[in-house]
Amino acid sequence: MNVITNNNLQCTVALAALHDVYDPEIGLNVIDLGLIYQVDFNDEQKTIFCSMTLTTQFCPMGESITDGVRTKLQDCFADYEVNVELTFDPLWSYDEISEEGKNYLNR
Amino acid sequence: MCYCQCVWLFITAFLGLALVYNFTYPLMPHNSIHYLPLHAHVGIVGWFLLLIIGVGARLIPMFLISKYNNPKLLWMIYYLINASLISFVILFYLPVSPGFYYFSLSALLPAVVLFIFYCTKAYKQRMRRAVDEQMKISLLSAAMMALPLVLLAVIILFISITTKENIRLVLCYGFLIFFGWVTAIILGMTFKTLPFIVWNKVYHSQSANGKTPSPKDLFHHGLFRLMSVFYLAGLMIFCAGIFTNEIIILKAGAALLMATAFMYNMNIIKIILHKPSVQ
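Those protein sequence lines, which keep their order, are chains A and B. Per my numbering: the first sequence = residues 1 to 107. Per my numbering: the second sequence = residues 1 to 279.
Take the hints with a grain of salt, since some may be wrong.
Covered by chain B, according to a simulated footprint, are these stretches of chain A (three or more residues, beta-carbon under 8 Å) [unchecked claim]: (1) 25 to 32; (2) 71 to 85.
Cut-off 25 Å, straight-line C-alpha distance, at most; resulting in silico cross-link-like pairs (DSS-like, lysine-lysine) [as the list claims (entries may be wrong)]: (3) B/K67 - B/K275; (4) A/K102 - B/K275; (5) A/K102 - B/K124; (6) B/K124 - B/K270; (7) B/K216 - B/K164; (8) B/K121 - A/K102; (9) B/K72 - B/K164; (10) A/K102 - B/K216; (11) B/K275 - B/K201; (12) B/K124 - B/K201; (13) A/K102 - B/K136; (14) B/K216 - B/K251; (15) A/K102 - B/K270; (16) B/K270 - B/K211; (17) B/K136 - B/K121; (18) B/K136 - B/K270.
Because the hints were derived from the structure by calculation, they are not lab data. C-beta: ideal position from N, C-alpha, C; glycine also.
Isolated chain A (complex conformation) (with noise of 0.2 Å):
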């Protein structure tokens, strides 16, 4: 999981919220699923860019997962504004399942 990021420290925080949005489908976190692709913090204007993706573009959970991020970065930094990008480029694959992720999929 290699997540763009240009403020370190803030993405940390951010991740480890995120590991409380779940796929209810799959059972997984967008976190070990490997959905979230970019995390930019914009100190000045206060805003939050989220660039992440799904692991199909039919994917019926789609729209609430997506809300879920929103969700929680707004929770976890209130004062900032939050815009989730939805991305296919790259496409999802499931290389980018963390081994945790893995190790769960194989139970």
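Since chain A is already given, all that's left is putting chain B on it; use the hints.
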């Protein structure tokens, strides 16, 4: 595939309408009963089969969390099914012997076998080891596609030799299409898709609050398993009843299928009336 099945659906509906008017006004050279096999097969193959394979090719790997993807194979299936159906329509209007229908079958059977192969590969390359019961029934449905086609080969052979239809074989053929393949995919996929719809309505706003119940927690799994057992037993017993022509066997099979429908509805009601368990 889904766009093409819309065209076949339109042709099916148009033909059906023409057949209804043909009872009163002689629009066609023969009576409407003569065209029923054409109407039925354009609907079953052109609409049902293309739709189910098209949607199944997306949903089965998605729900199995499988790495497998093979667009070339799916295109080959698409061309084979359409070639089979177009050849069937042409042969139906030509004064040919029944044996010529093997030509259509020789395109359709490989298409179904290739789709079964596609599902098998998706199953083998799945990321999640545990496969739920809904997916097992859906995969069984894919395998069940081949059964009516084998029967169809026997029906064509029987007509070619005796010039008569074997009514029991024809009944079993139709029964295996609707109560085998189509019913199995409905039983399996209902409990994969409906829980998602209800989950999205009930838990949409709670996705950031940690683990919520999974869509699969919205229905009773014991009842689903029992429904699956009753369904498979009912299917086999009813088929045996068709071949033996024994009323008691037919009634036993019908009772099991009625019980299947009852359990299916009970679980549907449970999903629809689900109340949130996390606040």
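Results of checking the hints against the structure:
no., hint, result
1, 25 to 32, "holds (count 3)"
2, 71 to 85, "holds (count 3)"
3, B/K67 - B/K275, "violated, 34 Å"
4, A/K102 - B/K275, "violated, 32 Å"
5, A/K102 - B/K124, "holds, 16 Å"
6, B/K124 - B/K270, "violated, 32 Å"
7, B/K216 - B/K164, "violated, 49 Å"
8, B/K121 - A/K102, "holds, 20 Å"
9, B/K72 - B/K164, "violated, 40 Å"
10, A/K102 - B/K216, "holds, 20 Å"
11, B/K275 - B/K201, "holds, 10 Å"
12, B/K124 - B/K201, "violated, 33 Å"
13, A/K102 - B/K136, "holds, 22 Å"
14, B/K216 - B/K251, "violated, 33 Å"
15, A/K102 - B/K270, "violated, 32 Å"
16, B/K270 - B/K211, "holds, 21 Å"
17, B/K136 - B/K121, "holds, 14 Å"
18, B/K136 - B/K270, "holds, 21 Å"
Violated hints, in rising order: 3, 4, 6, 7, 9, 12, 14 and 15; the structure is consistent with all others.
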